[in-house]
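Using the sequences and the hints given, assemble the complete structure.
The sequence shown: position 64 = 64 (the working numbering), numbered continuously.
Among the hints, erroneous ones may be present.
[What the hints assert, rightly or not] Quick list of in silico lysine-lysine cross-link-like pairs, DSSO-like style, CA-CA up to 30 Å:
#1 Lys177 <-> Lys243
#2 Lys22 <-> Lys243
#3 Lys146 <-> Lys336
#4 Lys26 <-> Lys269
#5 Lys184 <-> Lys213
#6 Lys365 <-> Lys269
#7 Lys221 <-> Lys336
#8 Lys243 <-> Lys146
#9 Lys357 <-> Lys347
#10 Lys293 <-> Lys179
#11 Lys179 <-> Lys213
#12 Lys347 <-> Lys159
#13 Lys298 <-> Lys177
#14 Lys22 <-> Lys177
#15 Lys269 <-> Lys336
#16 Lys269 <-> Lys146
#17 Lys365 <-> Lys298
#18 Lys146 <-> Lys94
#19 Lys357 <-> Lys341
#20 Lys179 <-> Lys243
#21 Lys179 <-> Lys159
#22 Lys357 <-> Lys184
It should be emphasised that the hints constitute simulated quantities derived from the structure, not laboratory data.
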Amino acid sequence: MDEALFSRVLINSRNLINEAVKYPHKRYLYNTLARVPEGFFCGVCGLRGIGKTVLLLQLAGKAQNPLYLSADAHYLAGEDLYELIRFCSERGYKNLFIDEIHYKKEWKESLKTAYDEGLARVFFSGSSALEIRGGADLSRRALIYKLNPLSFREYLAIKKGMPHEAIPQAELFDFQKRKEIIEKTSSTAAFFAEYCRLGGLLYPSSDEQFFYKAVESALDKTIRMDMAYLRGIEVATEQELYKLIQRIALSPPGEASYSSLASKVSLSKPSVISAIDCLVKIGVVLRVLPCGKAAARKEPKLYLAPPLRHFICSSLSVSPDAGSLREEFFVSHAEKTCYLKGKRGEKTPDFLFGGKKIEIGGSSKNFRQNPDFIFEEGITFEERRIPLYLAGFLY
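Now the structure itself:
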């Protein structure tokens with residue numbers, strides 16, 4: 001890097017950090033990242049369009065003498081990452097915020113060396129959780145966090161100007177506390193369907209057509225570029241990946257599995273498993289494992305990150321399955337959920353979450369399958385029925 005290029009990086013950094021001030025709302029992970037001890041580098045990974053760049057810029061705005069740069073910037077294409085860090089450090093910039101870091105070759109080795117030499121403290125973002133977490137002995141040098149898509153609660157705050165506190169998991173199941181929460185938040189239930197169509201990602205959503213154009217572009221870049229960095233997938237397999245995503249989007253609740261997908265696309269079951277594994281790591285697919293010790297012998301349930309099901313179905317001029325949308329909303333907000341699977345022919349509740357057997361459905365859903373609680377669409381004040389929209393307040 002020469003002084004002219006550094007000057008360009010510096011001007012761009014200052015402009016972007018100053019511009020980030022106009023985004024007053026911060027993602028749920030902001031406070032956690034801001035508290036990372038100084039002895040560690042810090043990485044954040046997740047799907048395109050969920051606010052990783054703004055998050056880095058907001059953190060940079062609170063740091064002393066910060067410098068932000070994006071590793072995929074065309075004017076940095078020929079620059080070595082370690083040399084970039086060293087050059088900036090020598091000019092007094094000891095807090096670096098590097099976006100899309102996986103676009104630099106041998107970036108893990110560069111971070112390791114920069115850490116060991118004490119050049120600067122680095123916050124960085126990337127798309128592939130597994131690759132960021134692996135290799136080059138970064139585990140004792142960097143703390144890595146996964147950023148989830150925009151929650152229903154965050155969507156309300158950022159897009160509707162309706163801020164609410166996150167709900168502790170235990171309060172969902174406490175009838176008295178839940179009634180108090182419903183009284184405070186019931187007006188937000190009207191935005192449930194809108195969130196399923198336009199939530200999850202931070203693109204401007206006042207116009208659905210333009211929002212879906214942005215979603216299409218993000219998904220295209222994920223398939224063409226991010227997946228290639230993750231596994232070296234060839235362009236020839238892009239169509240198969242799109243077909244897998246489409247099949248999941250069109251599936252009724254619980255019917256998207258490795259076996260069913262393999263039977264509908266031109267891939268073997270092992271190839272489907274490998275491809276889905278990549279899509280999970282990149283944040284496109286949500287994978288819910290079966291509960292219990294026999295989980296390894298059973299196939300997971302597969303969902304899409306919001307709002308991809310609505311986007312895919314819209315592009316195909318079909319309506320998304322309402323049951324799948326409800327389940328997807330729940331599992332995208334309720335971490336550490338597993339699905340219940342009985343013996344052949346046995347009916348069981350849908351999921352196990354927080355030690356409770358959960359059923360997901362509409363207002364007509366009954367207790368025939370003996371769940372502890374039913375999460376149903378709409379408003380309800382019954383003791384064992386929980387408004388589904390409240391799951392969107394878990395983070």
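A quick look at each hint next to the structure:
1. Simply put, Lys177 and Lys243 have alpha-carbon atoms about 44 Å apart, too far for the 30 Å limit, and the pair is violated.
2. Pair hint Lys22 plus Lys243 does not hold up; C-alpha atoms about 39 Å apart against a cutoff of 30 Å.
3. Distance hint between Lys146 and Lys336 is fulfilled; the C-alpha atoms sit about 14 Å from each other, no more than 30 Å.
4. Between the alpha carbons of Lys26 and Lys269 the distance comes to roughly 41 Å, so the proposed pair goes past 30 Å and is violated.
5. Pair hint Lys184 plus Lys213 does not hold up; C-alpha atoms about 35 Å apart against a cutoff of 30 Å.
6. Our distance criterion of 30 Å between C-alpha atoms is broken by Lys365 and Lys269, whose separation comes to about 34 Å.
7. Taking the CA atoms of Lys221 and Lys336, the gap is near 29 Å; set against the 30 Å cutoff, the hint holds.
8. A threshold of 30 Å between alpha carbons decides the hint, and for Lys243 with Lys146 the separation of about 26 Å falls inside it, so the pair holds.
9. Proximity of Lys357 to Lys347 is assessed by CA-CA distance (about 13 Å); at most 30 Å being required, the pair is judged to hold.
10. This hinted pair does not check out: Lys293 and Lys179 have alpha carbons roughly 36 Å apart, beyond 30 Å.
11. Between Lys179 and Lys213, the direct Cα distance comes to roughly 40 Å. Violation of the 30 Å bound is thereby established for this hinted pair.
12. A hinted pair counts as satisfied when its Cα atoms are at most 30 Å apart, and Lys347 with Lys159 does not qualify at roughly 40 Å.
13. With a CA separation close to 37 Å, the supplied pair Lys298 and Lys177 exceeds the 30 Å bound.
14. Of the supplied pair hints, the one linking Lys22 and Lys177 is violated, its CA atoms being roughly 35 Å apart against a limit of 30 Å.
15. With a CA separation close to 26 Å, the supplied pair Lys269 and Lys336 stays within the 30 Å bound.
16. Distance restraint check for Lys269 and Lys146: the Cα-Cα separation of roughly 28 Å lies within the 30 Å cut-off, and the hinted pair is therefore satisfied.
17. As the CA atoms of Lys365 and Lys298 are separated by approximately 26 Å, the hinted pair is consistent with the 30 Å bound.
18. A C-alpha spacing of about 24 Å is found between Lys146 and Lys94, which places the hinted pair at or below 30 Å, so the restraint holds.
19. At most 30 Å may separate the alpha-carbon atoms for a hinted pair to count; Lys357 and Lys341 meet this at roughly 12 Å.
20. With a C-alpha separation of about 43 Å, the suggested pair Lys179 and Lys243 falls outside the 30 Å cut-off, and the hint is violated.
21. Note on Lys179 and Lys159: the hinted pairing holds, with a Cα-Cα distance of about 25 Å set against a maximum of 30 Å.
22. For the given pair, Lys357 sits about 26 Å from Lys184 by alpha-carbon distance, which is consistent with the 30 Å threshold.
In summary, the structure is inconsistent with hints 1, 2, 4, 5, 6, 10, 11, 12, 13, 14 and 20 from the numbered list given earlier, while agreeing with the others.
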